[in-house]
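Colleague: The listed protein sequences correspond, in order, to chains A and B. Using our numbering, the letters of the first sequence correspond one by one to residues 1 to 318. Using our numbering, the letters of the second sequence correspond one by one to residues 1 to 503.
To be clear, the hints were calculated from the coordinates, so they are not data collected in a lab. Treat the hints with care, as some may be off.
Below, computed lysine to any residue pairings styled on SDA-like, alpha-carbon distance capped at 20 Å [what the hints assert, rightly or not]:
no. : chain 1 : residue 1 : chain 2 : residue 2
1   : A       : Lys-181   : B       : Leu-360
2   : B       : Lys-49    : A       : Glu-195
3   : B       : Lys-112   : A       : Glu-195
4   : A       : Lys-181   : B       : Lys-118
5   : A       : Lys-204   : B       : Asp-90
6   : A       : Lys-204   : B       : Lys-118
7   : B       : Lys-118   : A       : Glu-195
8   : A       : Lys-204   : B       : Thr-52
9   : A       : Lys-204   : B       : Lys-324
10  : A       : Lys-259   : B       : Lys-324
11  : A       : Lys-181   : B       : Lys-324
12  : B       : Lys-324   : B       : Leu-360
13  : B       : Lys-117   : A       : Thr-182
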Amino acid sequence: MEKVFEIRKFKSYITLGIFSSVIIYLIFASHGFLRFDNLMNVIISATFVAVPAMGLGTIMLSGSFDLSFVGIIGVVSVTSIRMIQAGIAIPIVLITSLAVAVGFELVNAVLIIKLRIHPWLTTISTMLAALGLEKAISKAYFLTTSHPFFRTIRFDSFLGIPLPVWILGVSFAAMYLLIHKTAFGMHLYAVGGNEVAARKAGLKVERLRFSSFAAMGVCIWVVSLVYLSQLSGYTPEAAYTNLNEVILSVFFGMSISRKNIITIPGAVVGAVFVALLANGLALSGVSSYWIKLIEGCLVIVVVITNAMGSGEIVQLEK
Amino acid sequence: MDKSLLKMKGITKKFPGILALDSVDFDVPKGEIRAIVGKNGAGKSTLIKILTGIYTPDSGDVMIGEKSFSHITPDVMYSEGIQAIYQENDLVPYFTVGESIMLNNEPRSSVKTFLDKKSMNEKAHAILLEKIGIDIDPKKLIRELSVSEKQLVQIAKALVKEPRIMIFDEPTAPLSAKEIGKLFEIIRALRSSGITIIYISHRFEEIFEIADSITIMRDGKKIIDLPLNETNEDEIIRHMTGGQIEVTGRGKERKTLSEEITFEVEGLHSERVHGISFTLRKGEILGLFGAEGAGQVEMVRAIYGLLPKKGRMKLGGKETRIRKPTDAIKKGIGYVPRDRKEESLVRTFTLAENVTLSHLEAFSSAGFVSKRSEQKIAENMIKDLAISTRSTRTVVNFLSGGNQQKVAIARWLTFPLKMLILDYPTMGVDVQAKVEIYRLLNKISAEGTSIIIITPEYEEIEMLCDRVMVMKDGLQRAILDVKDIDEDILLKYAIGSSESVVS
């Protein structure tokens, strides 16, 4: 018991230590890594991962899972662009796309919570369905837009900081307060940690689990807008390539948390780390073909530290 | 009786093949501590599960105070103030003490949307100090607490909503003597504040110490409610067993046992097992009896190499070391766990594949399993054990419970076996299969295999066993010759207080 406890104590430092030393190495090995505009670019690319990671974290901490968001981002993006091309006003486009994002997630919620289908099975299917729908609408074409709304997000800044960075900041603040400072957030943790106990305490377990999916819907909507602005339109399956990074960020956040639980700051720190890593490796001249391999190995390190923290490895030895 | 706070009438619950509760009336007056006792299978645990909303009864109704309900649900428990404290706690391990106690009663900050963690911790701390009388830092995580601290946190959590009825289900099992004393003080204080308490335990010392009255269950019926100051252990045990006189001639036909000792255990210690020693003769059937959780399962698991242990074991006169199940199998020891579906059979395998699973080398050549010899042995087993199945290729999931159990036993009959350990071998099987399993075990033992059986049923001990070891709290209380005892004696050893056994 004592041994497990010791590892658990230092576990978050081990993960952070490994990743920090990689980053410090990259600072010295690459040119212009610490320049302000490079760091801003890193954070913008982290936004693509961090925002859905906060939503996924919310679903996971309440005891479920979601893979389908990458498909839903595509559907939301392509429908938004189509609507703009059809000349529909921006407020209506925004409201409709929010409804599409949340609606899709509520389909997941019904299948998982009401019909009790396994989350992986459910969301892999809805992911395929969403990717299919995306393709059917876009016919796999790139659809560009020069609508001022998206140009503003992409090129403007406020107080010297680019707008996408503000979007990440504001969504982080909102999600942080929601999950870590309200009773609602605490109840989500209770549902994920011990559903029976939550029920006995009089919590509305189903409603809580539904709202975790709705929260993911909102995150999907936000990140879709960032995708549309940064890519000047719709790119087929743009979010799909970030699926692994999103899941990794959530687990990374878990392994650096003191209680060994999924947290909102953890997920964002994870996303920023992944982005820093990719950026630093690229700047130091590592071929992009190698970057995924290195990321993968670091994931394994995270998973091992996590397992040590929860005592699984120690128990197996016995 | 009109002052009853909780009144259950005509509660009936059927499970396939069993009438678990037969029109049970149960009521408790306000501010009383009521104990519930009954043998395994008497319906005690079904009643508790109905009381705590886990099972829905088939018929009957419930009155709590002035309100009537068809049955108790988690919602009813919440709204009417019924709280249950279980042995296994239902707390979230990574919540703090404060969060756990105040869950769903969180104080809010001046901006109503946000939590006020400071006042949450203060309130939790106040409840712990004033109502429980213990000082635990509310910022501590649940997983950092000791078992008894966790239990006290659960009680504190239950008290936030000012409950009217509290159910304690075997609360003392994980506690030390001192902690039990503390818990009893708390329970008495709860009673004097007007809370009605239902206390489930199989320890008579505790029941006499803490409870005001006792409800005795037998065969799914409520037998009687007694005030504890007007009764004694002997009377309670008589009600539990029904005072049946042993039906002569029904017992086992006792054969003379060989003097050869197959297996010997000396000073065995493991999880929940403290200092067990016994010998097992060739072809002997030893019963293991005791209340649920008295250490029987842990003992056989330790022997079989599933739990770490200390102590010496001799097999066939030679010192032997068994560190993992494969060691045991190699030495000719078989184990049929209680949970057929989870631990014993591979549900998606066919009958034949399950039979050969532990001994595949015998049916293989050059690393490939010979399906033909597998089929042959399985066919023999079907014949010998009267397993009713369509073919050897039937997936075991589709067999009845009794036939599944026969397959689980058949696995150990494909090679020479010195000793077979079975845990509740007839649980959930029909009468016909039961008789066949008894016949099979008697046959195996006659052929020289020694057998250890964990069983909750006196009848099974009477029918099968030569001797019986009674365990209580991980200790070995006695090893008795089955022909010298009856059910009352057995129960006295298993649940009676220490004084009652001396006589």
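Colleague: None of the hints should be skipped; say for each whether it holds.
Modeller: Going down the list of hints, with the structure as the test:
For the hint linking Lys-181 of chain A to Leu-360 of chain B, the alpha-carbon distance of about 58 Å lies beyond 20 Å, and the restraint is violated. Distance check on the hinted pair: Lys-49 of chain B and Glu-195 of chain A sit about 18 Å apart at the alpha-carbon level, within 20 Å; holds. Distance hint between Lys-112 of chain B and Glu-195 of chain A is unfulfilled; the C-alpha atoms sit about 26 Å from each other, more than 20 Å. As the CA atoms of Lys-181 of chain A and Lys-118 of chain B are separated by approximately 12 Å, the hinted pair is consistent with the 20 Å bound.
Taking the CA atoms of Lys-204 of chain A and Asp-90 of chain B, the gap is about 17 Å. The hint holds against a cut of 20 Å. Taken as a hint, the Lys-204 of chain A and Lys-118 of chain B pair is broken in the structure, with Cα atoms around 25 Å apart against an allowance of 20 Å. A hinted pair counts as satisfied when its Cα atoms are at most 20 Å apart, and Lys-118 of chain B with Glu-195 of chain A does not qualify at roughly 26 Å. For the hint linking Lys-204 of chain A to Thr-52 of chain B, the alpha-carbon distance of about 18 Å falls within 20 Å, and the restraint holds.
Among the hinted pairs, Lys-204 of chain A with Lys-324 of chain B is inconsistent with the structure: their alpha-carbon atoms are about 45 Å apart, more than 20 Å. As the CA atoms of Lys-259 of chain A and Lys-324 of chain B are separated by approximately 34 Å, the hinted pair breaks the 20 Å bound. Of the pairs offered as hints, the one joining Lys-181 of chain A and Lys-324 of chain B is violated, with about 48 Å between alpha carbons and a cut-off of 20 Å exceeded. Among the hinted pairs, Lys-324 of chain B with Leu-360 of chain B is consistent with the structure: their alpha-carbon atoms are about 18 Å apart, no more than 20 Å.
Between Lys-117 of chain B and Thr-182 of chain A, the direct Cα distance comes to roughly 10 Å. Compliance with the 20 Å bound is thereby established for this hinted pair.
In terms of the numbered hints stated before, the structure departs from hints 1, 3, 6, 7, 9, 10 and 11, listed from lowest to highest.
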